[in-house]
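Undergrad: Produce the entire structure from the sequences given, and follow the hints as far as they go.
Now for the letters of each chain:
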Amino acid sequence: MAWFKRTDTELEVSPDTKRVRTEGLWVKCDGCRQVIWKKDLEENANVCPKCDRHFRIDARTRLELLLDPGFKIEDTGIVSTDPLKFVDVKAYKDRLRKAQAETELADAILNAEGTIKGKPVVVSAMEYAFIGGSMGAVVGEGITRAIERATFQRHPLVIVSASGGARMMEGVVSLMQMAKISAALARLDEVGVPYVSVLTDPTTGGVTASYAMLGDLNIAEPGALIGFAGPRVIEQTIRQKLPDGFQRSEFLLEKGFLDAIVHRRDLKDYVARALDFMAA
Amino acid sequence: MATKAERELENIEKHIAQLEAAAGDNQEARQRLSALHAQVAQLRRQIHSQCEAWQKTELARHPQRPYTLDYIERIFSDWSEIHGDRSYADDPAIICGMAHFHGTEVMLIGHQKARDTKQKVYRNFGMPNPEGYRKALRAMKMAEKFKRPVFTFIDTPGAYPGLGAEERGQAEAIARNLREMARLRVPIITVVTGEGGSGGALAIAVADRVLMMENSVYSVISPEGCASIMWRDPSKKDVAAEALKITAKDLTELGCVDGIVPEPPEGAHADHDAAAALLDQTLLKHYNDIKGLSTDALLDQRYDKFRHMAQFFKEEPA
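Going down the list, the protein sequences come from chains A and B. Heads up, the first sequence is in full-length UniProt numbering, so the first residue is 1 and it goes up one at a time. Heads up, the second sequence is in full-length UniProt numbering, so the first residue is 1 and it goes up one at a time.
No lab work stands behind these hints, which were simulated from the structure alone. Fair warning: this is a prediction, and the values are worked out from it, not measured in the lab. Idealized CB from N, CA, C, for every residue including glycine. Be aware that a few hints might be false.
To spell it out: a stretch of chain A is covered by chain B in this simulated footprint if at least three of its residues, at any positions, have a beta carbon under 8 Å from a beta carbon of chain B; those stretches are [as the list claims (entries may be wrong)]:
id	stretch
1	31–39
2	81–90
3	93–104
4	137–143
5	231–238
6	245–256
TA: This is the structure we're talking about:
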């Protein structure tokens, strides 16, 4: 004999509503392994509210964080012509199409003109989700046009890097972008227009070895991977495990290659303050 | 792989020859056989072009290939080396120095490889550390101050990917060289003599004239590196070499270099003196072309060249 007896009939639950849908609502932080409510993360500029880990963000979000509302997107619609007709296990053309569909961008770069706290600036932001933010002819041209616009208008330039380096599928064409961009930066330097380079996770290879390291100020977000060779290549060369924190922003600051490490929430204030110093 | 295919082709040709003997006066058989001959020739050409890029890579890395000092000894006189980056060390992987070129004082800068094990280690296999690039920049600035032209020789697998190199700012050293070379106020002539290994090569190769030796290669990544990343199989290096378009001919077609320096028929490794003589002529011709330019014209031309190089994109309406 049961102590309690169900008087009502069983609840009718359809299988559709039985499951609680939580996918996409919660994110696990790679830094502290805690589960964060996605909305909290987004409200905190995609920085973990618990451990301050800086999540990667897309180029458009970056522009929105950095610029005052009402900025203008420039240089859209430049697309690669696949100079080498490169095919590995997949055709480069297909990789491009897939990346274009996923990111809704023509390539790994988004240029804008706008203001930071009322000060006019030219900004170039890289899109890591587009083939690892790699630099081919389109990224090279996009960045060069931003530099030329800054030179011509005498407006300060900010480039936000997030890239694995040169785009292998464009071979030597991608290598030559390093020379082209650096030459344009030399001209910007000659006319005394400020250039702030912002390095975010990750910035490696040919991007670090050209414009990312050439700012009047080189500043980075906390914990970003920044280097010339990738960590795996170095491990293979020296046949040792790399120490913790090697090639992270804090390491580069210690070695003297960064001017400052700036939390994402303070980035806009920092750049605005720097522009006060640099722009007459 | 290619040689195996070539051997098979030779076998097929032998069979055809035997059939020819057997065919005698049969006209139809003769016609078919000549068609087969054409097919074999076609296949041979295909195999040849497919492995050409990898063959050139092997030639570019040939242990008997002349290195920078071999050319300096043969083309220049009164060579006097300068050492050190004035801030950390001297990097033996890049050499710099003053010399005479047909009576003109010039600054020479180049990667230096070596042939025996001890020397190879000393030269770090021609892979510079940041000090090497900083020394090169110091030498260039000195040339600029005293208005002497700069000649650079490229032969490196790449900038050294080591722990110390990262700590001392490999990326910063390369980046700075790119920017400063773009505006250096004296003529710069570069020749890729062997391997042009990516950023490690470009860091001393932003020049008014960039030349490539006939059997040299210039690439953003080594064929082996590309094969293991893109194909996840390092043995696909010959396919990767072809796909990356790294030969002197490829780079000329892509508009990334200004000229090809001919080599002796067997390749530069077979005859150092002849290779040096050919390089000497080509360097002199290009130097004579640009030496009369005013500094402003020189810098404008250099800027325009790199500004309009490798423009492989099209613009679509947004």
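Undergrad: Now, for every hint given, state plainly whether the structure supports it.
TA: We went through each hint and held it up to the structure:
1. 31–39: Per the Cβ count (0), the hint is violated.
2. 81–90: It holds, with 8 qualifying residues against the three required.
3. 93–104: Coverage by chain B is violated for the stretch 93–104 of chain A (0 residues, Cβ < 8 Å).
4. 137–143: Since three or more residues must qualify, the claim that chain B covers the stretch 137–143 of chain A holds, with 4 doing so at under 8 Å.
5. 231–238: With 4 residues closer than 8 Å to chain B, the stretch 231–238 of chain A meets the three-residue bar; holds.
6. 245–256: Since three or more residues must qualify, the claim that chain B covers the stretch 245–256 of chain A holds, with 4 doing so at under 8 Å.
Of the numbered hints listed earlier, those contradicted by the structure are 1 and 3.
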